[in-house]
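The residues making up each chain are set out below.
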Amino acid sequence: MPLRRLATAVAAALAVALVATACGGGGDDQSAQTVTLDWGEPENALIPGNNTEQNGGDALDALFAGLVKYDVDTAAPSMEAAESITSADNRVWTIRLKPGWTFHDGTPVTAQNYVDAWNWVAAGPNAAQAQSFMEKIDGYDEVSTEQPTAPTMRGLRVVDPQTFEVTLKAPFVIFPTTLGYSAYYPLPQKFFTDRAGFEAAPVGNGEFRFESRTPNQSLTLVRNDQYAGTDKPQVPRLEFRVYADIQTAYDDVVSGNLDHVKAIPPAALTGGRWRQELGAGAHAKDGLQTTALGFPLYDPRFQNPLVRQAMSMAIDRQAIVDQIFGGTYKPADGLATSAAQGYLPNQCGANCQFDPQRARELLARAGGFAGPLTLTANADGGHADWMQAVTNQLRQNLGVDAQYTPLPSFSEVRQQANAFQFTGLFRAAWIGDYPNLETFLTQLYRTDASSNDYKYSNPAVDAALDRADQAPTEQAAEAGYQEAERLILADMPSIPLFTRQIIYGDSARLASGDRNPLDRLVTTSFRLNPQG
Amino acid sequence: MSELATPPDTARDESPAVEQTRGLWVDGWADLRRRPRFWIAAALILVLLLMALAPSLFTSVDPTVGELSRSRQPPGDGAIFGYDLQGRDVYARTIYGAAPSLAVGFLATLGTMVIGSLAGLLAGYSQGWADSLLSRIGEVFAGLPFVLGGIVILTSLNEPGEIVGAQELVFQVVLTIVVLTWPVAMRIMRAAAIETAQQDYVKAARALGAGPFRIVLRHILPNTLAPVLVYGAIQFGVFIGAEATLSFLGIGLRDPVVSWGVMIAEAKDRVQDIPWALFFPAGFLVVTVLAFVMMGDAVRDALDPRGR
Amino acid sequence: MGRYTLRRLLQLIPVFLGTTFLVYWLVWGLREDPFAGKCGQRECSPAFRAALTERYNLDDPLIVQYLKYLGAVLTGDFGQTFSGTEVSTLIADAYPITIKLAIVALVIEAVIGIIAGVVAGLRGRGFADTLVLVSTLFLIALPVFVTGLVLRQVLGVDLGIIRTSVPANPSFAELIVPGFVLASLSMAYVARLTRTSLIENTRADFVRTAVAKGLPRRRVVGVHMLRNSLIPVVTFLGTDIGALMGGAIVTEGVFNIRGIGGLIYRGLQQQDIATVVGVVALLVIVYLVANLVVDLLYAVLDPRIRYE
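Protein chains in written order, with our numbering: chain A, 1 to 532; chain B, 1 to 308; chain C, 1 to 308.
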């Protein structure tokens, strides 16, 4: 490794100059007790209903607690701030709150706080990012437009300070499972009376309280000793530090300058290097994240299902997982991930198995593929390695003129997706909102659904989804969603590639510190090693 | 390029200029032949050009074929430079990467030098409103962040999803670099021109009735080229690197075109795991820049009459 | 001199307006859909679009939007990011760090670059010259991100001499390595420029005169040669101040320095128009003032140059 040696020589020369100036971190008692986490400056204000990003979510999940929480390992939902969520017909739900919960400013958390918060998120003029999470509630359509015709949703009703009732537009059996998402968090009175003050110093009902924030640098939270939840926070203080580059954050965790990094840079995954460098701090678990390649079904070249199946079979998923991702991802065998309720293995069957011979036969039977085949992803997301590998495989295994044509940013990709302008395969990644098979189907494959970038439409799928939504029991719903999944996979509007695991790293200072399968930070799980 | 050879104080001795110029070239060549640095540089440049024009002479491997089964294999049997993450032959990619890299480096250098020098000469010599205007326009361009300018120019040249041929892509990358970097060359040339315009021989030439065009061409340009050429030789390497930055942002050269910049951008995060994928293209880039700078130094030293 | 300075200051106004309008147009005017990607994988709701269109005056013609924005900026209101943070706060937090880094980089490139150039230029074609030539070319040919990543890896992770990232409010000492990385390219250029300039001046008349007068060699080199050779070097350093003050996207990213370069890059990625235009407006002013200072410096360094 000549480069390495040369670099060391240069470094050694520099080191002489630096020894005098290098200073050990050292630190007082407070910094020894503070857990530092890698973070990014959120694009939107820290308001639960107006922030759907990962960075915003990490902070909000520490500041707020939901009606439901998800198990740190299995994602199984359980009651948190809610005592019970019940319904006789799966349409009218009664939510009863646990007593004794307060916001950080001392005011009690009541049913009214939930109803007000949800109405705020749904109201059109507020332009909240998470607005569509309220769309199943009765009366949503009247409040969600630019000029609402009703002040509040008629589906929300406060019964008493500890109880409220939610009426949905149609029965939805898995409704309680969805309620752990940050869009459903309650908002204190302060938000409505002093919005600017709330944004500068958010007041929640969660396990940590806001302490201070320097924009684009850091956010500090302290333990909420009045926290009413079952799991109490174990560390006195959290400091979220803004990092521009995940590689830098990762190196800081390895060298002990940072305690938690929310992802692992691709280069460290290759060959499993991150497991050696982080040791016991290396964590990987099944999550709710899938990666696929979408077809522009509005382009006539992709209308023959045989073409789509041939492309799927020409991709050696296992080789990509092993060589590019160091074995931490898993080849997809369906539309959902194993952490979702209702997941059934191998729903995709032979269509997702690598079989170059059969792929060529299918393509020949379909009459070949005319012209160049472009594959598109955003260049600012670190997708180049696996996109290039897929491109090479399509080119070499199918003999088509495949080319990887990245666009500069996610914004350009969305612009093309929203306008249905793709001319080739495009990256279609999805993060489930709640641990259920349904979250991988409705919003992506229903006719005209909000994220149906393929322009896919199959009345049989729509009907199957309707039946499942309105099923009387969760088991019946699961079976219905699985049927819809099989129908979709047979049409193959997208090529399932892999399910991404939740991978993150902790420093040697931490005894534990985890993310759950929804890739949300579980701040109550953070514990420092004894002598710090 | 005979201006290079014109002695600085021709004002004193105008008539035998033509004869003297030829003499200088002959002398210069005689001088050059004795310099080993010149021969080393010439040999390197020749090999690089051959690589760019006929890559198949050097390798029979297709640089775009990637077999994941041989991903990250170190240099050894079959591939003397090893394989990259995608299982592509690093040697073949380095060879095929020569042509686009040299084209970008050379054309972008030429473009910035020509535009920057002309603007700089005009500004530095006239020093009036033309100077103000050109300098201020240059400042507007120099004030734009390179990343923003690059994204906007390259994305607005092509429809999204459009497939662009290799040559067109090289041309677009060159255009982007030239548009965004010419003000630096202009400032350097302008500074040199201001300095030269104050020299006695220029004043003498003006007193003798030489026109502005002649003064600029015969007296100012030859004496201002040195700093611009130093800058140019260095920028040659920088522009190949700038192309890497554009590729990294998803707007530069891309698959199936191979360039050293693309290879460096791909390998940069993996110095620890696949050092050879970074080392070889970077090494070729260093050698190329070295060859051109050495050649430039040797030629200038040989032709400089003051240097004898 | 006074009138010249005044005229140049007046010329700042059109350049400032031109650049900010250009950036404003590039960020907003060229986009068909400025809110694509703002709402993740989902398309933004009409209500969301309406609110933002209102907030950024997008229904007005571009020039009116720009004038409204400019009016706010002139009253000290740089606007807010999407998340509601005052852009002026962001700039106030980031700029001291950028200035510190720029100072460190400038000192490194000036000191090391000039020393290396003088050593190479005075000794002429010896071992020192070759060493300087090869090492500077190496720095030139390696893109900054490679230099940065390798130094961070070796010094930070492998040897543990420096921290892999710089803390929120870094001291000058903590910025030495990032400063070196940022300065590496310019340092190489300063060295080459000093060397070339010095060699040219070795044979200049005023040097010959000084030697003939019997001045000691140290005085000839120190006063006569260096002072004259440094004119192009100072020009370059001045231009570079403008560039350094504009932040360093790559170096800041590698060492997680919370400076102005990262602010611009994040603004571009997230299309935070207020951040991008606000920061660029400020940078343009800094850049223009730096250029003005350099132009005035000429007159100080070179007694033959007079501005009227």
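Mixed in with the good hints, there may be bad ones.
Claimed, not checked - Covered, in the sense of this in silico footprint (three residues per stretch, anywhere, with C-beta under 8 Å from a C-beta of chain B), are these stretches of chain A:
(1) 101–107
(2) 264–276
(3) 345–359
(4) 398–405
I should point out that these hints are in silico values taken from the structure, not numbers from a laboratory.
No residue lacks a Cβ here, since even glycine has one placed at the ideal position from N, Cα and C.
Hints, one by one, checked against the model:
no. : hint    : result
1   : 101–107 : violated (count 0)
2   : 264–276 : holds (count 6)
3   : 345–359 : violated (count 0)
4   : 398–405 : holds (count 3)
Consistency note: the structure conflicts with the earlier hints numbered 1, 3.
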